[in-house]
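Undergrad: Listed in order, the protein sequences are those of chains A and B. Number 65 in my numbering belongs to position 65 of the first sequence; there are no gaps in the numbering. Number 114 in my numbering belongs to position 114 of the second sequence; there are no gaps in the numbering.
A portion of the hints provided could be inaccurate.
Computed spacing ranges between beta-carbons, pair by pair [what the hints assert, rightly or not]:
id	chain 1	residue 1	chain 2	residue 2	range
1	B	Arg-9	A	Gln-81	34 to 42 Å
2	A	Thr-108	B	Glu-85	30 to 38 Å
3	A	Pro-79	B	Val-12	37 to 45 Å
Only some residues are given here: those of chain B computed to face chain A with a beta carbon under 10 Å [stated by the list, open to error]:
id	residue
4	Gln-6
5	Ser-62
6	Phe-66
7	Asn-103
Since the hints were derived computationally from the structure, they do not count as laboratory data. In this text, a Cβ means the ideal position worked out from N, Cα and C, and glycines have one as well.
What follows is each chain in one-letter form.
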Amino acid sequence: DQQVKQNSPSLSVQEGRISILNCDYTNSMFDYFLWYKKYPAEGPTFLISISSIKDKNEDGRFTVFLNKSAKHLSLHIVPSQPGDSAVYFCAASGDALNFGKGTSLLVTP
Amino acid sequence: GAGVSQSPRYKVAKRGQDVALRCDPISGHVSLFWYQQALGQGPEFLTYFQNEAQLDKSGLPSDRFFAERPEGSVSTLKIQRTQQEDSAVYLCASSSTGTSGGNEQFFGPGTRLTVL
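Full structure from sequences and hints, please.
TA: Okay, here's the thing in structure tokens:
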């Protein structure tokens, strides 16, 4: 029973444009949400997080938005760069991290 | 290095063999987690240690899976009588504090297990 869902398996964006990755969750008890980035043959690396008491967190080119009423969060990357090409996992923190299936982002020059 | 390390990076086992996967967390990190990532899926929680205490093993798929962290640092995930469905990447992560509050978990590169 997937509590965190990333419904877009892949996304292709042109360099310089905005990338928007979406995530939905079902458990209203989650108190933190995190985004991880994963390159092939490497472990996931932490990107940005947001507490459930906030609706926005920004770090450089990365911004995460949280809509608690819709149980939805999104990661915005602007401007997108080719080095951003990776798989992005949304995770929700309860007792452990609950991950979505990931969205593969391709940023083309 | 300063990161989480795992060994071996790749393991091929014949069905029925026992395997042991090792995780060296970041020095001083209290919490250690094991995840299983099947192809095309996100990591799924297996078990969690705080120091040497195994506080949650609810994600272990069967009693063939066993994890330990006897001295509160290095951890070993053991899978007995491996089956083909055990084929996955096994990820270890560590954190400086506990599970709550969105504390960042630092992941190792994983061990890719293939059971033939």
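Undergrad: If a hint holds in the structure, say so; if it doesn't, say that too.
TA: Tested hints:
no.: 1; hint: B:Arg-9 - A:Gln-81: 34 to 42 Å; verdict: violated (28 Å)
no.: 2; hint: A:Thr-108 - B:Glu-85: 30 to 38 Å; verdict: holds (37 Å)
no.: 3; hint: A:Pro-79 - B:Val-12: 37 to 45 Å; verdict: holds (43 Å)
no.: 4; hint: Gln-6; verdict: holds (8 Å)
no.: 5; hint: Ser-62; verdict: violated (18 Å)
no.: 6; hint: Phe-66; verdict: violated (18 Å)
no.: 7; hint: Asn-103; verdict: holds (8 Å)
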